[in-house]
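Protein chains in written order, with this note's numbering: chain G, 1 to 92; chain A, 1 to 282; chain S, 1 to 384.
Incorrect hints may have been included.
Computed Cβ-Cβ distance ranges for the label pairs, DEER-style [to be verified]:
no., chain 1, residue 1, chain 2, residue 2, range
1, A, Ile7, S, Asp241, 23 to 33 Å
2, A, Lys50, G, Glu48, 40 to 50 Å
3, G, Ile50, A, Ile7, 39 to 49 Å
4, S, Val258, A, Asn226, 22 to 32 Å
5, G, Pro9, A, Asp257, 28 to 38 Å
6, A, Gln275, S, Gly10, 18 to 28 Å
7, A, Ser18, S, Glu216, 17 to 27 Å
8, G, Cys88, A, Ile266, 36 to 46 Å
9, S, Glu216, G, Ser64, 55 to 65 Å
Because the hints were derived from the structure by calculation, they are not lab data.
Each residue gets a CB set at the ideal place from its N, CA and C atoms; glycine is no exception.
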Amino acid sequence: MPVRIWRKPLDLEKAKPPKGEIHIIKDRCKGCGYCIEYCPRKVLEESEEINKRGVHPPQVADESKCVVCSFCTAVCPDFAIFVTEKPCEGGC
Amino acid sequence: MVQHENIFHPMEVFLRKSRIPHIWCSGCGNGIILHSFTEAVKELEMDLDKIVVVSGIGCIGRVAGYVNMDSFHTTHGRAIAFATGVKLANPELTVVVISGDGDLFAIGGNHFIHAARRNIDIKVICANNFNYGMTGGQQGPTTPLEAYTTTSPYGNIEHPFNLVHLAAASGATYVARWTTIHVRRLTASIQKMLQKRGFGFIEVISPCPEIYGRRNKMRTGLEMMNWLKKVSTIKNFSDPAKAEVSREKIVIGEFVDTEKPTFETILYETIRWVQEKAEQGE
Amino acid sequence: MTKNRAVLTGEHFLSGDLACAEGALAAGCRFFAGYPITPATEIAERMALRLPEVGGIYIQMEDELASMAAIIGASYAGLKSMTATSGPGFSLMQENIGLAAMTEAPCVVVNVMRGGPSTGQPTKPGQQDVMQAKWGSHGDYEIIALSPNSVQEAFNLTIEAFNLSEAYRVPVFLLMDESVAHMWEKVVIPRAEDIKLVNRKKPSVPPGEYAPFRPEGDDLVPPMACFGEGYHFHATGLTHDELGNPKTDSPETQFNLVSRLCEKIRRNVDKITKTEKVMLDDAEVAVIAYGVVSRSALSAVKKAREKGIKAGLLRLITLWPFPERHIAEFADRAKRIVVPELNYGQIVREVERVAKNASIKFLPKLGEDLHTPSEILKALEEIE
Numbered sequence: 001m002p003v004r005i006w007r008k009p010l011d012l013e014k015a016k017p018p019k020g021e022i023h024i025i026k027d028r029c030k031g032c033g034y035c036i037e038y039c040p041r042k043v044l045e046e047s048e049e050i051n052k053r054g055v056h057p058p059q060v061a062d063e064s065k066c067v068v069c070s071f072c073t074a075v076c077p078d079f080a081i082f083v084t085e086k087p088c089e090g091g092c
Numbered sequence: 001m002v003q004h005e006n007i008f009h010p011m012e013v014f015l016r017k018s019r020i021p022h023i024w025c026s027g028c029g030n031g032i033i034l035h036s037f038t039e040a041v042k043e044l045e046m047d048l049d050k051i052v053v054v055s056g057i058g059c060i061g062r063v064a065g066y067v068n069m070d071s072f073h074t075t076h077g078r079a080i081a082f083a084t085g086v087k088l089a090n091p092e093l094t095v096v097v098i099s100g101d102g103d104l105f106a107i108g109g110n111h112f113i114h115a116a117r118r119n120i121d122i123k124v125i126c127a128n129n130f131n132y133g134m135t136g137g138q139q140g141p142t143t144p145l146e147a148y149t150t151t152s153p154y155g156n157i158e159h160p161f162n163l164v165h166l167a168a169a170s171g172a173t174y175v176a177r178w179t180t181i182h183v184r185r186l187t188a189s190i191q192k193m194l195q196k197r198g199f200g201f202i203e204v205i206s207p208c209p210e211i212y213g214r215r216n217k218m219r220t221g222l223e224m225m226n227w228l229k230k231v232s233t234i235k236n237f238s239d240p241a242k243a244e245v246s247r248e249k250i251v252i253g254e255f256v257d258t259e260k261p262t263f264e265t266i267l268y269e270t271i272r273w274v275q276e277k278a279e280q281g282e
Numbered sequence: 001m002t003k004n005r006a007v008l009t010g011e012h013f014l015s016g017d018l019a020c021a022e023g024a025l026a027a028g029c030r031f032f033a034g035y036p037i038t039p040a041t042e043i044a045e046r047m048a049l050r051l052p053e054v055g056g057i058y059i060q061m062e063d064e065l066a067s068m069a070a071i072i073g074a075s076y077a078g079l080k081s082m083t084a085t086s087g088p089g090f091s092l093m094q095e096n097i098g099l100a101a102m103t104e105a106p107c108v109v110v111n112v113m114r115g116g117p118s119t120g121q122p123t124k125p126g127q128q129d130v131m132q133a134k135w136g137s138h139g140d141y142e143i144i145a146l147s148p149n150s151v152q153e154a155f156n157l158t159i160e161a162f163n164l165s166e167a168y169r170v171p172v173f174l175l176m177d178e179s180v181a182h183m184w185e186k187v188v189i190p191r192a193e194d195i196k197l198v199n200r201k202k203p204s205v206p207p208g209e210y211a212p213f214r215p216e217g218d219d220l221v222p223p224m225a226c227f228g229e230g231y232h233f234h235a236t237g238l239t240h241d242e243l244g245n246p247k248t249d250s251p252e253t254q255f256n257l258v259s260r261l262c263e264k265i266r267r268n269v270d271k272i273t274k275t276e277k278v279m280l281d282d283a284e285v286a287v288i289a290y291g292v293v294s295r296s297a298l299s300a301v302k303k304a305r306e307k308g309i310k311a312g313l314l315r316l317i318t319l320w321p322f323p324e325r326h327i328a329e330f331a332d333r334a335k336r337i338v339v340p341e342l343n344y345g346q347i348v349r350e351v352e353r354v355a356k357n358a359s360i361k362f363l364p365k366l367g368e369d370l371h372t373p374s375e376i377l378k379a380l381e382e383i384e
């Protein structure tokens with residue numbers, strides 16, 4: 001069920017979703033496509049390049065959309081991708 | 001995005017780095033199960049010195065060789081019997097059996113039901129990919145009716161097991177079924193099982209696109225995972241006997257979460273009073 | 001001072017099965033996993049009764065395959081472990097005996113031999129599993145097998161079996177025929193401090209440097225870490241390298257591993273094998289026997305001497321590795337050898353292989369029909 005905000009929380013401006021930094025171990029990727037498909041924010045896409053295994057590893061389409069849900073990290077069978085949280089700037 | 005030559009994946013601490021990348025196919029659910037398990041171990045901050053991973057024969061059987069823990073790769077079907085010996089000999093160890101549907105329920109079926117009956121404090125994670133993948137895709141005890149495998153080229157004529165029903169009926173005190181797309185719940189379930197005492201069993205429905213999927217109209221991992229996502233329905237604590245696994249519907253969730261004295265508890269209690277009695281007699 | 005309940009020092013009147021169980025406890029066995037089978041059931045029953053008294057664990061598994069797997073698990077978790085069975089159960093255990101040999105797990109398997117094949121004669125003695133003990137599992141490997149001929153020896157050799165299994169990291173079999181298992185005789189159990197025990201070599205290096213299958217020393221036996229000691233090692237039934245990792249695509253790895261598994265026993269054959277020699281020094285005709293048959297053989301040899309025949313007895317205590325040298329020593333002098341066995345021809349084949357120039361007479365007996373001393377004496381008289 002989608003969350004419907006009935007009232008605006010007082011600290012809404014202060015609540016900032018985390019920003020993610022995506023690390024891709026390109027040569028470990030076997031090209032299953034799970035991270036690309038199941039990212040809820042469509043942060044990743046298939047790249048054109050071909051890695052040592054002969055497949056297209058993912059590449060970041062838009063890192064700004066990443067909120068560190070880490071689903072890509074969890075669903076990757078090959079330990080080829082993980083997300084870290086970028087330290088927040090501008091005081092939060 | 002960061003590009004390095006030598007990136008250190010945070011889960012590598014739990015893996016034998018020299019053995020990575022693993023041998024599993026692109027899209028194979030085994031890697032997801034391995035990640036889920038190590039994630040659960042990480043969340044619980046478990047002492048890696050006290051975990052023993054025992055596996056059987058099959059693709060998932062290789063998992064024992066990839067974890068940075070004491071591990072043993074046994075003969076086909078005997079992982080649970082071996083694990084029983086380990087746990088009883090050193091009850092401080094957390095013994096986890098990670099094996100496949102054929103290994104645990106065909107050749108190993110007898111050992112499974114007895115360990116569950118005894119409520120031995122071991123944890124069993126079953127990677128159920130509906131066939132014997134390592135040997136090329138033969139039918140197994142969980143292959144769905146009418147599915148195609150190399151030894152059921154005209155469609156499987158056997159009814160498959162309902163593993164959670166079998167586990168619950170045998171006396172397991174924790175029974176759950178998840179799929180590899182439900183990674184968060186799977187990890188949480190593994191965490192819960194690791195903290196519980198008694199025989200715990202988690203069935204993980206896992207894609208085998210290269211071998212099983214290819215013969216059953218789901219040629220890629222994505223097709224299999226999307227199918228799992230589509231047909232799974234979570235029904236926590238519903239009747240495991242009715243928890244079907246079919247092309248149209250897979251019932252997942254936790255089914256059993258009870259307490260019952262474990263084999264070890266009763267055994268050590270018995271040893272204690274026997275020794276007391278012997279001492280009094282001396 | 002608490003009494004050592006594991007070692008029942010003193011004189012007892014026990015059966016072979018019970019003496020074997022007591023021997024195991026005295027040797028430090030603290031884990032038994034088994035399945036009932038005539039004529040070995042009494043061992044399981046005695047262990048079930050006695051193990052809790054000494055803080056040990058008894059579990060009755062669902063079958064013999066599980067029993068063998070469980071004792072390997074317990075061994076890897078640090079306990080001295082044992083199982084006991086007979087022919088049909090022994091057949092079931094073979095696959096995991098191969099696993100024990102391949103992963104070099106110290107353990108003791110008692111096979112109280114009965115009439116076979118298949119269900120056979122559950123309550124009658126036999127010596128039909130002797131070759132199976134050596135060759136039962138698939139692949140090339142070596143094991144050690146001992147054969148007691150008295151209840152006292154059942155006690156002593158069980159301790160010896162544990163010591164050998166720990167020293168060589170190998171499954172050791174106690175092949176006791178049903179007669180010895182069920183006969184009742186006096187057993188003297190010594191004081192605990194007089195019983196010599198051997199424990200597995202432990203690693204002398206820290207975890208990062210430990211290789212679970214790298215031999216240390218000339219005996220080709222690797223030190224053994226156990227689960228829970230922080231070594232994080234891996235062991236597998238697949239062909240593996242010294243680190244324990246599977247390596248199935250290298251002929252060199254396979255050769256090194258298999259040859260070491262065999263050589264660690266073959267090279268130490270003189271340290272391992274034991275026989276009893278009776279009047280062999282000047283013997284012109286000899287009997288080679290083991291187990292309960294050796295008792296008739298001893299009587300026959302003594303009677304032969306009374307008749308003026310220079311007869312001698314070589315009683316095999318170690319069946320595997322086969323004590324070739326002990327036979328070769330006298331086979332050139334005593335060119336005539338009688339081999340009585342409770343089977344249709346097993347150890348006699350090894351004797352024929354080793355004593356090529358001797359004339360060998362084989363006396364088979366099956367069922368409860370033990371060889372009488374007269375029968376063996378007759379063979380001694382008639383052999384040319």
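Now the hints, each set against the structure:
1. Between Ile7 (chain A) and Asp241 (chain S) the CB atoms are about 27 Å apart, so this pair conforms to the stated range of 23 to 33 Å.
2. Distance hint check for Lys50 (chain A) and Glu48 (chain G): the Cβ-Cβ separation is about 47 Å, which falls inside the suggested range of 40 to 50 Å.
3. Against the hinted window of 39 to 49 Å, the Cβ-Cβ separation of Ile50 (chain G) and Ile7 (chain A) comes to about 19 Å, which falls outside the hint.
4. Between Val258 (chain S) and Asn226 (chain A) the C-beta distance comes to about 47 Å, which lies outside the given range of 22 to 32 Å.
5. Checked against the hint of 28 to 38 Å, the pair Pro9 (chain G) and Asp257 (chain A) passes, with Cβ atoms roughly 35 Å apart.
6. Evaluation of the 18 to 28 Å hint for Gln275 (chain A) and Gly10 (chain S) yields a pass: the beta carbon distance comes to about 21 Å.
7. Between Ser18 (chain A) and Glu216 (chain S) the C-beta distance comes to about 22 Å, which sits within the given range of 17 to 27 Å.
8. Separation of Cys88 (chain G) from Ile266 (chain A) is about 54 Å and departs from the stated range, judged on CB atoms against 36 to 46 Å.
9. At about 58 Å, the beta-carbon gap between Glu216 (chain S) and Ser64 (chain G) stays in the expected band of 55 to 65 Å.
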